Every structure is written in structure tokens, then in C-alpha cells.
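Protein chains in written order, with our numbering: chain A, 1 to 335; chain B, 1 to 295; chain C, 1 to 277.
There could be a bad hint or two in this list.
Claimed, not checked - Below, in silico cross-link-like pairs of lysine-lysine (BS3-like), each with a Cα-Cα straight-line distance of 30 Å or less: (1) C:199 / A:80; (2) A:187 / A:121; (3) C:6 / A:143.
Hints were generated in silico from the structure; no laboratory data involved. Treat the numbers as computed from the prediction; the structure is a model and nothing was measured.
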Amino acid sequence: MDLAIHTEKLARVYKLRDAKKEQPRELVALRNINLDVRRGELFGLLGPNGAGKTTLIKILTTLLSPSSGVAHVAGYDVAKEPEKVRPRINMVSGGESSGYGLLTVRENLWMFAQFYGIPSKLANQRIKELLDVVQLGDRANTKSSDLSTGLRQKMNIVRGFLTDPDVLFLDEPTLGLDVEASLDVRKFVRSWVDDNPDRTLLLTTHYMVEADELCDRVAIINGGQVLACDTPANLKRQLQRDVIYRMEVSPLNGLQPEALEALGGVRKVSHEAKDGASVLELILAEDDALGHVVNTLTGKDIHILNLQKREPSLEDVFVNLVGHSMTEAESASDG
Amino acid sequence: MQATQPIEKRAAERGVSGRTFRAAAWLGWQIEANWTDPVIFFIYSVIKPLSGAAILVVMYSVITNANFEDPMFAYIYLGNAFYIYVAAVLTGVSWTVIDDREIYRMLKYIYIAPVHVPVYLLGRGFAKFAFGSLAVFITIVVGVFFLNLPLDLSLVNWPLFIVSLTMGIVMLAMMGLVLGSVMLLIVNNANFMGEAVAGALYLFSGAIFPLTVLPAWLQPVGYIAPISYWLELIRRALVGNIAQSFPTFAQFSNGQLLAILAGLTLLFTVLGFVVFRYCDHQARERGYIDRVTNF
Amino acid sequence: MDRVPKNSGWRLFVQTVIGRAYPRIIGLLREHSWFFFEVFLPVLSVAAYVFIYRAIGAADVFIGFVVMGGAMTAFWLNILWSMSSQMYWEKQTGNLALYIMAPNSLMAILLGMAFGGLFSTGLRALVITLAGSLLFDVHFEVANYLLLFAVFMLTMVALYGMGMMTASLFLLLNREAWHYANLAQEPVYLASGFYFPIKSLNFWVAAGASVIPLTLGLDAMRQLSFRGGVELGFLPVQTELAILAGLCVVFLIGARWLLSYMERLAVREGRLTDGRR
Chain A
1 MDLAIHTEKL ARVYKLRDAK KEQPRELVAL RNINLDVRRG ELFGLLGPNG
51 AGKTTLIKIL TTLLSPSSGV AHVAGYDVAK EPEKVRPRIN MVSGGESSGY
101 GLLTVRENLW MFAQFYGIPS KLANQRIKEL LDVVQLGDRA NTKSSDLSTG
151 LRQKMNIVRG FLTDPDVLFL DEPTLGLDVE ASLDVRKFVR SWVDDNPDRT
201 LLLTTHYMVE ADELCDRVAI INGGQVLACD TPANLKRQLQ RDVIYRMEVS
251 PLNGLQPEAL EALGGVRKVS HEAKDGASVL ELILAEDDAL GHVVNTLTGK
301 DIHILNLQKR EPSLEDVFVN LVGHSMTEAE SASDG
Chain B
1 MQATQPIEKR AAERGVSGRT FRAAAWLGWQ IEANWTDPVI FFIYSVIKPL
51 SGAAILVVMY SVITNANFED PMFAYIYLGN AFYIYVAAVL TGVSWTVIDD
101 REIYRMLKYI YIAPVHVPVY LLGRGFAKFA FGSLAVFITI VVGVFFLNLP
151 LDLSLVNWPL FIVSLTMGIV MLAMMGLVLG SVMLLIVNNA NFMGEAVAGA
201 LYLFSGAIFP LTVLPAWLQP VGYIAPISYW LELIRRALVG NIAQSFPTFA
251 QFSNGQLLAI LAGLTLLFTV LGFVVFRYCD HQARERGYID RVTNF
Chain C
1 MDRVPKNSGW RLFVQTVIGR AYPRIIGLLR EHSWFFFEVF LPVLSVAAYV
51 FIYRAIGAAD VFIGFVVMGG AMTAFWLNIL WSMSSQMYWE KQTGNLALYI
101 MAPNSLMAIL LGMAFGGLFS TGLRALVITL AGSLLFDVHF EVANYLLLFA
151 VFMLTMVALY GMGMMTASLF LLLNREAWHY ANLAQEPVYL ASGFYFPIKS
201 LNFWVAAGAS VIPLTLGLDA MRQLSFRGGV ELGFLPVQTE LAILAGLCVV
251 FLIGARWLLS YMERLAVREG RLTDGRR
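Turn these sequences into a full structure, and let the hints steer you where they fit.
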């Protein structure tokens, strides 16, 4: 199999020192990651904040050494042969502000093109084309310090595609972009991969819909581990035999959502408070289990305000694997 | 009830100012000092000013064959020692704008917090003032013990020294506020403005040579530079006999000089707040408060 | 769709140098405030030192020394703030990660910074020298322009080689970078004799300070530019020239070695993208 990215038992441990310079604590950011991304694939890395996505990208882009294990990108070992990996990759991170404020958009992009050895004339031609794609053509001669956050992000996205890498890493690329711009970027990302079978793109995101719509395959990562890796359709198919309900109810009156999981036929429950009500996402083994849930809720004087049966999404896959929703995972990692 | 409102409001305002100043001074202290351990920080704090003083000492000794008894040496050495405050306070207050806007990217959050921004800037400068004081002290101690600086503590006019020093520091802080306010409108190349302005004022403040050394056409600049009066008062308070040897300000009594310094301090206080108001308005008008230039 | 052709080897190296020098040079043309902050105000600072010499009755040659030394401070400031601590700033803004990840060598990036810095700072130093000389009636008596030019160029190569070396050390630093750069400002003004002949210091102090290329470079340039300069010189110009050539080799090789060592260390410890403020 022709692999663009291959990792084996990849791990990274950070040593954290506190302000008082006591013994460093260890933070395990990645543990035993085994991942294969095929050439020509648009691969998604899905997980909450703090899951280890950015650490993995840093290792794959030669910016960070693994603590153990190996990683190959474009056929080369990132730790041992970074100079062979670098001409073949590029990266765009959401929310970053690369380049120099005193240079114009075009000049910043030209400068980065020089660092990749693209001849000036060709670089300028590509800059023009790509700026038009992201509708930034009319701002080519604006100093980048005068750009809004969203426009600066568009410039970064152009910087990533400009060098036509074999493997492109997009780390939360639509962060800071409005809905319309995000849609444009997603469309472009998909067509970029489809245009040439030699191109591979690894996208990290915590937007489930983005991963679902765009990616050929998705790895779900949490707590530094890959929990599942497959096409979005296959991942969702694992839940196909399950029944999924979205139930909006009055406040839970002290009822713990976990108590519902103890009921027969209830596989997973996630809970989110919303506008004074509670939203329960229920993954049930069979329709009949809904009766037990309803009885328990009404027994606690909780009213059902809305009930919907729906198709499984990647969010449900995440809940099924991790035990709680992405939002809950982020709150836990923030705390 | 209504009659007490203005009083309560003023008290609340004072509370905000006090809280702002304390928090800003604490933050300034952390930023200045907590990047290393105390020993390295102490060395760092004194080595820079001592080197500055040593440059003058070497220059002086090369030309005068190390004649440290000459009043000129005490004039230069003390003027330079107290000039440390000028760079420290001007930079401390004005640099905060660049530091918070470009590096820590916090200025916008400071702005939307219920604080007084000018008081915040002054508070942030306090740490540099404190470390500057340490540097001034060490520089003088080195001068007294190693270079025969004729400073006799029993002959020092302490009340004059304390009043002049306090007033001078307030004046410098307000000059710093003027500079910091201007920095709100400068979005690049302003990194070293505090030090550059202090370096330029070195020429006109009579710190290291009497103003009479300047060409006649430049001397008026020295006479309108407020730091000249402050340094003259400091010299008169600490080494009165040396000050007499350089009669640049002989026509003024101590009282008159103090009155001039008080007037200038008041002027810069008013100017500081007026310029801040103007620049603050302009900066918000132009959208510079949260500007990150990546220059 | 056709793939984009890319240069490698020496072509990529040259392109990178030009690419990184570009912002430095264009900045000079685009932002004119440097004239006020980096020429006008420094000229006033230089003037202060000139008047100290006048106040204590120094000979005219010292005025020339101060003007030349004052102009050369621009290069030291450039090394400290635009080469060394620049690395910390690049890390903060996210550019450092992009530089490392790109196929160019970091050496080319630093050379680009150096060339850009040398050009822009050279222009500033020239203006300060001209303004100072006109204002204070400094008389240059250059016996050998070629030698003067050679000394200047060797000094610059050694100095920017040193700058590249210190920049690689700064790869590992965070917030403390600013303070270390700040710490190296005045002590070097003192040790390198920016405002007085280095001969005035103890021989061993002056010899130690000669590690900084500006020390001997400035001393040799003063010897070659002013009447009476030779008597105030630290070592014979030829000796200083030879030492400067040695420093060039040491610093350039050292920079190359240290840069690759530090880059590996920074990648291992995860400090390339960890911009703690």
C-alpha cells in the first residue's frame, strides 16, 4: 500500500515545570499512535481540544521529536530525515498570524514561496490564482497588518497550498472564518486533493460536520489515543443497528444522565443544558428501551418537550467511543 | 441621598485607581523579575547601569588622568546616576503600551476592564522605577567607595533631596505617560522609543556636563528641559559645594528651583492626562488598541 | 494537474537569503519613522558624549572616536535585537515553525536576516557618521581606503557570524531572551570601547573584549581614519585584521554547527513552537 503517513507506536511526553521550578511533571500527549494515511487521501483527525491532534501534527511536520515510536511522512522518517520530509510538506494552523505586518499579502506569500524554491515568476502567478480562489485578490497589495483575522487566515491558507506539497497538514483551518468562507475553503480543499492523486491532506478539526463532509477517512482521537479509524460512513454504520434519539426535556431535577445508562437497552447518554432545558442524546440498542427512559423521566417529574429520532452522526460515534460528547470532553480537558 | 452621590462616586473612583495601580505594579514586577532567579536578576539589574557609569568613568579618566578629585567628576557621576531614573521611568511607563499590545496582546482586555488606563500605565512603570532605584543606589555606593565620590551623608540636605526626588519622579512618570500616549498611535518601530528619548534628552538635561558647554544656540533647549532643574536640585541637596562650582543655575535659589520643578510637575501632570485623552480617542478612532502588527 | 517545479540546493539557498532579506530592506523604504528613532535620536545621544569630551577638554581625535563609535553601536543593536532576540519574536509570531518546516536551511534564513540587517543598519550608521561629522567638524584622514574597507567588511562578516551564533542560542529561549539581549547592550558598549579607545582598558580586559568583532574592528577603523589614531590603537592594524579574519572563520563555522545542534535540541524538547510570553 502506498502510504503518505505512517506511524507506529508513536508517543510524546512533555515535561512540565511549574513557576516554582519543582520536579517536572510529565504530561502524556500521545500514546502508541498507529496510523496509516494513504497517498491521495483526505484524512481527518477528529478530537476535542487537548486530544493530542496538534502534537501529532507537530511531530509529522518535523517540529517536534517523538518520545518513542516512529513516524514516516512521504516515505521518510520525520526524526531521522527531516530534510527529506520538509520539501514535500506544508502546514496551515488556524488562528496563527504568520509573515510580517509591514509586507503586503502578495509579498508575504512571495517570501514563503522563496523558502520552498519556487521560481519568482511562477510564484507570483500562483499567488494571483490562489488569492482569487479565496476571494482575496483585491487585497493582494494590502499590508498584512491591515487585514482582519479572517482575511489573515485566508492568506495563511493560500501559503499552505502555494507550495503544492505532497502532504498538506491543515490544523483547524477554518478557525476564525465565517460560514461562507469556511464552505469555500472546504470546497477548495476537496478539489485540491481530487485534482491530483499524489496529493494527500491531513485535516484536524473538532467540527464533526467538517470531518463528515470532507474526509475520505477519519481517525477519532482522545486522550492521546486513536480510538477508531475508518471512513465516516463505516464509523456511523457501527451505530446503524442502534437507535438514536434527541430528546429535549425540562431540567433534570437532580437526575444524573448516567442513571439512564443503567436502564436496559440504553447504550450511551450524553447531556447538554440548553436555554433552561436539557438536551439528551440517547443511543439505544432497540426502540423499546425508549419506554424505560420515558418512565424514569416522568417518575422524576421531568417533562419531555421534544423528541426526534435521527440518523447516527460522527458525534454519536464519538459519544459511543468516549462515553461523553465532544463538548464534555473539552470541558474535562480544560479543567 | 442625592447629595452624597458625588462623594461616593469620588470614593469609588479612588478605589478603582488604587486597585488599578496596585494590580498594575504587581504585574509589572512579575514581568520584570520572574523570568529568572533572584541572584541573576540582581546582577542583571545592576550590571547595565554600572556599565553605563563605567563608560563615563573611563572616558573621564583617559582625558584627566584619573583626576577624580575634580568637581567635574562628581558632577558627571551623580548626574549620570540619577539619570538612570529618566530612562527607567520613561521606558517603564511608555513601553507598557507596546508590551501589552504587541507582545502579550493584553491591551484590549485592559481597556475593557473597569480600570483607569493612565493609572494602569503608571502602575506598570512602578517596577522599573523600583529596580531603577536599586541601580541608582548601587551606582552611588560604588562611586563613594571606589571613586572617591565626595558624598558626605551628614552634609546632605535631606528635606530638599526627598522633596526634589519625589517631585522629579512624579514629573518623569507624567512625561512617560505623554510618551506612552503617543505610542498608542505608533504601530511600529516604537520599541525603543523610551530609551531613545531618554538618550536624546541626556544631551539637554545637564546630566553629564553643565549646560554652558552646549553651543549658545542649543542652550535654551537645556533651560526649558525640566530634567535640568531636577538634577540641579538633586546635586544641590547631595553635594552643595560641587553644585556651586558650576554656576549654570546660580541665579535661582533652592526655593525658586523647587517652585519651577513643582510648576513643571503640575504642567506635565495636566499634559499627561490631556495627551492621553487625545491619543486614546485617536487610537480608538483608528482601531489601534488591539492592533498586532507582527513587524 | 501539473505539479509546481521547485529549486533545491544552492538555488534554494540563494532564494531563501533573498526572501528573508526582503522584509528588512523593504521596511526601510516603507516605514520612514526609522529616520527619527534610529538616526535623529542616536545622533543626539552621540552628541551628549561629544560634549562630555568637550567639557573635560579632550583632544579633537576623541570627538571623531565618539562619532565613529556611536555610528557602530547601530550594528551591535542590530545584532542584539534584530538577529538574536529576533528568534524569540519569530517564535512568538509563529514564523519560526514555518522556517524550520520549510526545506530551506535555517542558516540561509539567518544569512538573509544578516544581509538585510547589514544593508539597513549600514545606511543608518552612514547617516549617523555623516551627521555627526558635519555637526562636530570631524576630520578624517584616511591613509588607505582599501584597508579601511577590508577592515569594515571583515568586522561585519565576523559580527554577523557571531550574530547568527547567538541567534541559534536564542532558539531555546523564551521571555528571558529579551532580558539577555538587554543585558548585553551597555556592558558591550563599555567593553568594546564604543566611546573611548579600547587601549584605555586593561590589556587583558581589552583582549577578552576582542572576542566581540566590533572591538578590534572599531579600533582598527579608528587607527586608519584619524590622525593620532595609531598612537591610541590597541594592536597594530595588521594584527587586528588577522584576528578578525580568524573570528570570521570561527563564527561562521560555529554558527553552522551550533545552529544545527540547537535546532535538534529545540525539536527534541519541543521549544520551537512553545512561545511562552
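Verification of the supplied hints:
1. As the CA atoms of residue 199 of chain C and residue 80 of chain A are separated by approximately 50 Å, the hinted pair breaks the 30 Å bound.
2. Restraint check: the Cα-Cα separation between residue 187 of chain A and residue 121 of chain A comes to about 27 Å, which is no more than 30 Å; the hinted pair holds.
3. Taken as a hint, the residue 6 of chain C and residue 143 of chain A pair is honoured in the structure, with Cα atoms around 27 Å apart against an allowance of 30 Å.
Checked against the numbered hints given earlier, the structure breaks only hint 1 and satisfies all the rest.
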